[in-house]
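Line order of the protein sequences matches chains P and W. All residue numbers for the first sequence refer to UniProt numbering, where the first residue is 1 and numbers rise by one. All residue numbers for the second sequence refer to UniProt numbering, where the first residue is 1 and numbers rise by one.
Please note that a few of the clues may not be correct.
Identical copies carry no separate label here, and so any pair may be met within one copy or between two of them.
Stated by the list, open to error - Cross-link-like lysine-lysine pairs, in silico, BS3-like; alpha carbons within 30 Å at most: (1) 105 / 320; (2) 45 / 62; (3) 45 / 105; (4) 91 / 130; (5) 110 / 45.
None of these hints come from the bench; they were simulated from the model.
There are 2 protein chains.
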Amino acid sequence: MKKKRVSITDIAKALNVTPSTVSRALNGGGKVSEKKKQQIQALAKELGYRPNPIARSLVENKTQTIGLIIPEFTHHFYSRVLAGIESVTSKAGYQLLICTSNEKKRQEIKSFQTLLDARVDGILATVCKKNDEFGHLQEVLESETPLVLMDRICEEIETSYVISDDFEGAFQAVDFLLQTGCTQIIHIKGPKVLSTSFNRFMGYKEALRKHQIPYNEELIFEGNDPELPEKIRTYIKTNPVDGVFAYSDYLAFEAVNVLRNEGISIPDKVAIVGYADEPISTYVTPQLTSVNQRPFDMGSIAAGFLLNQIQDPNSPLEFKSLKTELVTRSSTKKNQLARSWE
Amino acid sequence: MKKKRVSITDIAKALNVTPSTVSRALNGGGKVSEKKKQQIQALAKELGYRPNPIARSLVENKTQTIGLIIPEFTHHFYSRVLAGIESVTSKAGYQLLICTSNEKKRQEIKSFQTLLDARVDGILATVCKKNDEFGHLQEVLESETPLVLMDRICEEIETSYVISDDFEGAFQAVDFLLQTGCTQIIHIKGPKVLSTSFNRFMGYKEALRKHQIPYNEELIFEGNDPELPEKIRTYIKTNPVDGVFAYSDYLAFEAVNVLRNEGISIPDKVAIVGYADEPISTYVTPQLTSVNQRPFDMGSIAAGFLLNQIQDPNSPLEFKSLKTELVTRSSTKKNQLARSWE
Numbered sequence: 001m002k003k004k005r006v007s008i009t010d011i012a013k014a015l016n017v018t019p020s021t022v023s024r025a026l027n028g029g030g031k032v033s034e035k036k037k038q039q040i041q042a043l044a045k046e047l048g049y050r051p052n053p054i055a056r057s058l059v060e061n062k063t064q065t066i067g068l069i070i071p072e073f074t075h076h077f078y079s080r081v082l083a084g085i086e087s088v089t090s091k092a093g094y095q096l097l098i099c100t101s102n103e104k105k106r107q108e109i110k111s112f113q114t115l116l117d118a119r120v121d122g123i124l125a126t127v128c129k130k131n132d133e134f135g136h137l138q139e140v141l142e143s144e145t146p147l148v149l150m151d152r153i154c155e156e157i158e159t160s161y162v163i164s165d166d167f168e169g170a171f172q173a174v175d176f177l178l179q180t181g182c183t184q185i186i187h188i189k190g191p192k193v194l195s196t197s198f199n200r201f202m203g204y205k206e207a208l209r210k211h212q213i214p215y216n217e218e219l220i221f222e223g224n225d226p227e228l229p230e231k232i233r234t235y236i237k238t239n240p241v242d243g244v245f246a247y248s249d250y251l252a253f254e255a256v257n258v259l260r261n262e263g264i265s266i267p268d269k270v271a272i273v274g275y276a277d278e279p280i281s282t283y284v285t286p287q288l289t290s291v292n293q294r295p296f297d298m299g300s301i302a303a304g305f306l307l308n309q310i311q312d313p314n315s316p317l318e319f320k321s322l323k324t325e326l327v328t329r330s331s332t333k334k335n336q337l338a339r340s341w342e
Numbered sequence: 001m002k003k004k005r006v007s008i009t010d011i012a013k014a015l016n017v018t019p020s021t022v023s024r025a026l027n028g029g030g031k032v033s034e035k036k037k038q039q040i041q042a043l044a045k046e047l048g049y050r051p052n053p054i055a056r057s058l059v060e061n062k063t064q065t066i067g068l069i070i071p072e073f074t075h076h077f078y079s080r081v082l083a084g085i086e087s088v089t090s091k092a093g094y095q096l097l098i099c100t101s102n103e104k105k106r107q108e109i110k111s112f113q114t115l116l117d118a119r120v121d122g123i124l125a126t127v128c129k130k131n132d133e134f135g136h137l138q139e140v141l142e143s144e145t146p147l148v149l150m151d152r153i154c155e156e157i158e159t160s161y162v163i164s165d166d167f168e169g170a171f172q173a174v175d176f177l178l179q180t181g182c183t184q185i186i187h188i189k190g191p192k193v194l195s196t197s198f199n200r201f202m203g204y205k206e207a208l209r210k211h212q213i214p215y216n217e218e219l220i221f222e223g224n225d226p227e228l229p230e231k232i233r234t235y236i237k238t239n240p241v242d243g244v245f246a247y248s249d250y251l252a253f254e255a256v257n258v259l260r261n262e263g264i265s266i267p268d269k270v271a272i273v274g275y276a277d278e279p280i281s282t283y284v285t286p287q288l289t290s291v292n293q294r295p296f297d298m299g300s301i302a303a304g305f306l307l308n309q310i311q312d313p314n315s316p317l318e319f320k321s322l323k324t325e326l327v328t329r330s331s332t333k334k335n336q337l338a339r340s341w342e
């Protein structure tokens, strides 16, 4: 058991007054004689009385805390989102309370409940990959706790959003590969359940369409296939391939390993583009060209949206789709070159 | 403003009974007529009454939440510590509330305050690098909230600890380099303020002593020196060096880059060992030999210590120094070989 805090009742008993007299003397408001007030304040100080912040928050209905629910911190992406959020919230005097869902819906639901129980003034969240339950999100909206969702869309929930323009990001990346002379470009897809996977795949297709390169289903590989490296190895041995556009930097790294093991030169024979511009991009040899999603901006903009909602509950919902930035490194060719496969 | 919850008082007014009658009817305990009880329960259900969890926690003094304070999530180390903690706390039915200090003492103090205010049942923390204030930690102990500190020692605070055996980890790493024939081993040091830096440096020296290699101060470089790469480059051009033991994998990577740029073969001419076995170790070419600190175990053991304290406040303080594990990869030679520098 925790050591008992000195309560208003303790002070009241000691001085033989009512608890509400003590409360008025310490918190102001209402009538208390100056003499009693001084007596009470002196004793409160002596006993180390501190107002109970949760009891106080029940009255004031504000805790100056913001809840954050994030799938995990294994990817650098989310630690950058967090840094962006903190850059705004700490200036505004808010403390963050963070929960992780580990991509588990049950844990996500429990996290929302815990944050509502802690009476946070608002919640920032990226929902789980598996996104088939919305009751808990609906409950947040009904409690009129401001909610801003980041990175992943949840169509059933009408609230403020900050997402990354995955379609445009993928389009830019593949357009660049095509401009540098690639025409037979493998796409390694992301998890089926994510809207981001779909949008990057669509961006890939749109870039091909622009350059009048026919879409070839054989060039599409599933990132979560445990046999991915073996399948790519087999395919490139008998088919012309001159580019790889991967859903993530980690999947791009798998392609790098296959090509290196086969002695295929990067980017001369095959150019490679990853996605998310995680630190791994700069550790790998050759360094990976990748798509920067500006996660810091995602966090700071989302936090700004949330503060707007907290400060004025009648402010309109906001939506931001962040433009990505292609970061070119040694895994792609520098200039517009002719195909070098033949 | 949040939508008002239906309170016990609302139900009491509607049925013209006292709030305490409603409380007894809903929470059990005390006398209420069966008829009244059914009336009250029916209305509570109809109005969607939910007990206020914070008000309840004020009474029960338990929230089933555990606070976690971590410097940052940029390093994979802390996301593994978190995973270890979650493996224990989620099974035990506890929800984690996480705060980050960003290595700032002020933010750390505020985080402790927020978690105490949220009435967490216990706190797990890794304190900031700069470790010259202890008042807030003392306050946690005085509140009799169980506290377990991880990774970094704070000598002024008598509580349970889980740390990594940095001295032994460094000793093993350098001993291995010496066994594979290295004798002129650079050490790149960590931040001066950390006990881990000091302990790894001591481990380095102890391994030299064991192999009767004289300590040479010229071989010691500061990791936070912005001119580190240039200084190493200059040194190796005119002095024999056949090994590098770095405070972190990131610093080891800096050494790899210098050596690669100079065309010095790794590990044939110079062998390299990093520390912490972060994912970067496997992305770099050649892959880095490194010291695994078992961060997952650090988290799970610390969480176990904390649960012991929560369940029995009289249980004794616990201390665990985790043995590290040397993971050998291509940046070091495989067998005991003669020096190949000459």
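Against the structure, the hints come out as follows:
For the homomeric pair residue 105 and residue 320, the shortest alpha-carbon distance inside one copy (25 Å) is at most 30 Å, but the shortest distance between copies (34 Å) is not. Taking the closest pair of Cα atoms, residue 45 and residue 62 come within 30 Å of each other both inside a single copy (25 Å) and across two copies (27 Å). In the homo-oligomer, the alpha carbons of residue 45 and residue 105 lie at most 30 Å apart only across protomers (27 Å), although the nearest pairing inside one protomer, at 47 Å, exceeds that limit. Proximity of residue 91 and residue 130 under a CA criterion of 30 Å is satisfied inter-copy only: 22 Å between copies versus 34 Å inside one chain copy.
For a Cα distance limit of 30 Å, the shortest separation of residue 110 from residue 45 across copies, 22 Å, qualifies, whereas the shortest one inside one copy, 39 Å, does not.
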